[in-house]
Amino acid sequence: QKEVEQDPGPLSVPEGAIVSLNCTYSNSAFQYFMWYRQYSRKGPELLMYTYSSGNKEDGRFTAQVDKSSKYISLFIRDSQPSDSATYLCAMRHGSGNTGKLIFGQGTTLQVKP
Amino acid sequence: DSGVTQTPKHLITATGQRVTLRCSPRSGDLSVYWYQQSLDQGLQFLIQYYNGEERAKGNILERFSAQQFPDLHSELNLSSLELGDSALYFCASSVARSWADTQYFGPGTRLTVL
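In order, the protein sequences belong to chains A and B.
Mapping of the first sequence onto my numbering: residues 1 to 113, in sequence order.
Mapping of the second sequence onto my numbering: residues 1 to 114, in sequence order.
All the pointers check out, no bait thrown in.
With a Cα cut of at most 27 Å, we get these calculated BS3-like pairs of lysine-lysine:
no., chain 1, residue 1, chain 2, residue 2
1, A, Lys2, A, Lys70
2, A, Lys2, B, Lys57
3, B, Lys57, A, Lys100
4, A, Lys100, A, Lys67
5, A, Lys2, A, Lys42
6, B, Lys9, A, Lys42
7, A, Lys70, A, Lys100
8, A, Lys70, B, Lys57
9, A, Lys42, A, Lys100
10, B, Lys9, B, Lys57
11, B, Lys9, A, Lys100
12, A, Lys100, A, Lys56
13, B, Lys57, A, Lys42
14, A, Lys56, A, Lys2
15, A, Lys100, A, Lys2
16, A, Lys67, A, Lys2
17, A, Lys67, A, Lys56
18, A, Lys70, A, Lys56
Worth flagging that the hints you see were computed from the coordinates, not collected in a lab.
Extracted from the complex, chain A is given alone in its bound form (with noise of 0.2 Å):
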């Protein structure tokens, strides 16, 4: 079983609709979280970080932790055709002395006109 599950999609929805992306986690040492866009070919880009659980709102991205469940979302209101990218969480450790991010598989999304 992989640290981190991400369902991978695709996932397709018209203009304006508001997107929700999820991933699940097995290691409660897991302390920090981050979504990030990577385009297609293209680096990934980080978009939301967080540490705490609850509720963090950036613009129309907002990223919601649950440390109880092991659960993360990005929802992504008013979508547009250029949020049309792979969607991936990361997340480390709260301890340690290494930056490792674990990743999810990543989550396709496409914004329809």
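On the provided structure of chain A, position chain B as indicated by the hints.
Just chain B, lined up with the frame of chain A:
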């Protein structure tokens, strides 16, 4: 543009060969990370260097090695290449004032082994 540069963008080579991938971190970043992205395994951590020293190792094969030079650029060496080594290789960098800081990814090197 993240500020992390990687060369070359594409590399096509044959099985059994050796290649070197190069990464220049963002100005001021001390830590460099290498990741491999393949269709079946996703994005996987290979190795981390901090200010010239190896800091952490992930699922890196013995045929692979890396180093970080005094000017902080890094190279990933892949030898005795196999078909299964075909993947995207990403370098990321961070300031590493704390291990929770943000990693910025480069554009990647696409390696094709024929």
